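Chemist: Using the sequences plus the hints, can you model the full thing?
As given, the protein sequences belong to chains A and B, one line each in that order. With the numbering used here, the residue at position 37 of the first sequence is 37, and numbering never jumps. With the numbering used here, the residue at position 16 of the second sequence is 16, and numbering never jumps.
Bear in mind the hints are in silico, worked out from the structure with no lab data behind them. Be aware that a few hints might be false.
Heads up, incomplete: computed chain A residues facing chain B, CB under 10 angstroms, no partners named [said to hold, decoys possible]:
(1) 1
(2) 2
(3) 6
(4) 35
(5) 37
(6) 66
(7) 69
(8) 70
(9) 94
Coverage of chain A stretches by chain B, computed from C-beta distances (three or more under 8 angstroms per stretch; other residues unrestricted) [unchecked claim]:
(10) 25-34
(11) 98-112
Predicted, not measured: the structure shown is a model, and the values here were computed from it. Built from N, CA and C at the ideal position, the CB exists for glycine as well.
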Amino acid sequence: MTEVNITIEDLANLVPGQATKVIQISGQLDESNVDEKIQQVYKTVEENPKNLNLIFDLENLEYMNSKSIGYLTDLYGKITEAGGKVVIAKARPNILDILQVVGLTQLIQAFDNLEAAKSAISTPAKASA
Amino acid sequence: MENTEVNKNIDPEKTRITITLPTNAYFMSGIRDFTLNMVKNTTSFEEKWAFRFQSVIDELCNNAIEYGSAPGSDIRITFVYAKDDFLEISVEDTGTGKNRINATQLQKLFSDRKAPGYVFTGIRGRGLVKIVGEWSDELKFEDRPSGGMKVTVKKFLKDSRQNTSGISKEKQILLNV
Numbered sequence: 001m002t003e004v005n006i007t008i009e010d011l012a013n014l015v016p017g018q019a020t021k022v023i024q025i026s027g028q029l030d031e032s033n034v035d036e037k038i039q040q041v042y043k044t045v046e047e048n049p050k051n052l053n054l055i056f057d058l059e060n061l062e063y064m065n066s067k068s069i070g071y072l073t074d075l076y077g078k079i080t081e082a083g084g085k086v087v088i089a090k091a092r093p094n095i096l097d098i099l100q101v102v103g104l105t106q107l108i109q110a111f112d113n114l115e116a117a118k119s120a121i122s123t124p125a126k127a128s129a
Numbered sequence: 001m002e003n004t005e006v007n008k009n010i011d012p013e014k015t016r017i018t019i020t021l022p023t024n025a026y027f028m029s030g031i032r033d034f035t036l037n038m039v040k041n042t043t044s045f046e047e048k049w050a051f052r053f054q055s056v057i058d059e060l061c062n063n064a065i066e067y068g069s070a071p072g073s074d075i076r077i078t079f080v081y082a083k084d085d086f087l088e089i090s091v092e093d094t095g096t097g098k099n100r101i102n103a104t105q106l107q108k109l110f111s112d113r114k115a116p117g118y119v120f121t122g123i124r125g126r127g128l129v130k131i132v133g134e135w136s137d138e139l140k141f142e143d144r145p146s147g148g149m150k151v152t153v154k155k156f157l158k159d160s161r162q163n164t165s166g167i168s169k170e171k172q173i174l175l176n177v
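Modeler: Here you go:
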């Protein structure tokens, strides 16, 4: 199995009344490991069924395949439907390139630093006219 | 990885490398590393293309593992680099996979998913159209006479080569059955 590590850190009080987690993924997400490793993230979603915010810190992610992107898309759908937000931070150029080619950056905002990602999470969504 | 063969003797302007590996996703990180280094060190493609070809190979091999070759059989990858012209990559399976499909079926699947308005709803299915399709100039699906399928992608180094040779700038998708 290719090496990949997922750690989940709680960002207490970033948004009052809402849980915010930073998901750090390092290594390579591929066919040999993604089905098993992504379950950690799904478990967090199950434990926080409403208003969960996720920041994916991809600074040390070297590779992701199309199935990993499928899981990210699925997680985005589940979380936003339940009133939460999902953003990406610090992705390497090759990761941003693949996220762009599959169109995921049209759904999920990507930031080059964690502070900007946190700010996007804590800023209330604009009310539509 | 079972076998790697490099042949530069036939045409000095072309490098051909063939790798045969068992049907197991475990080996793909090694293939990705090889692809990245090979493209960076032996071709004139920009670095971003080394990463893109890494993804193209990975997606093609994952498809071959899922649909083409049963565990215990092989997948064969062939790289052909024509100096300052193109890189061509072929992935061949044995047609022994539990979920095997033929070239016509794969072509249809590709065309359906490429159609405007198609929405990807599942976890799987983006790789062939969104990665392999977008990052290649030509894509060819062929049934192999001995069984199985061969998928070939080709990327030209310069877009201008396509214009001067009369090939349409639109992507060429060929189907040989």
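Chemist: Are the hints correct? Go through all of them and say.
Modeler: Structure-based check of each hint:
1. Interface hint at residue 1 (chain A): satisfied, since its Cβ lies 7 angstroms from the closest Cβ of chain B, which is below the 10 angstroms cut-off.
2. Given the 10 angstroms rule on beta carbons, the hint for residue 2 (chain A) holds: about 4 angstroms separates it from the nearest Cβ of chain B.
3. Checking residue 6 (chain A) against chain B: minimum C-beta separation of about 17 angstroms lies over 10 angstroms; hint violated.
4. The beta carbon of residue 35 (chain A) is positioned within 10 angstroms of a beta carbon in chain B (closest approach about 9 angstroms), and the interface hint is therefore held.
5. For residue 37 (chain A), the shortest C-beta to C-beta distance to chain B is roughly 13 angstroms, which exceeds 10 angstroms, and the interface hint is violated.
6. With a cut of 10 angstroms, the hint placing residue 66 (chain A) at the interface with chain B holds, because the nearest CB-to-CB distance is about 3 angstroms.
7. For the restraint placing residue 69 (chain A) at the interface with chain B, the shortest Cβ-Cβ distance is roughly 6 angstroms, inside the 10 angstroms limit, so the hint holds.
8. Interface hint at residue 70 (chain A): satisfied, since its Cβ lies 4 angstroms from the closest Cβ of chain B, which is below the 10 angstroms cut-off.
9. Among the interface hints, the one on residue 94 (chain A) holds; its C-beta lies about 4 angstroms from the nearest C-beta in chain B, closer than the 10 angstroms criterion.
10. Look at the stretch 25-34 of chain A against chain B: 4 of its residues bring a Cβ nearer than 8 angstroms to a Cβ of that chain, three or more, so the hint holds.
11. Counting residues of the stretch 98-112 of chain A whose C-beta sits closer than 8 angstroms to any C-beta of chain B gives 4, which meets the bar of three, so the coverage hint holds.
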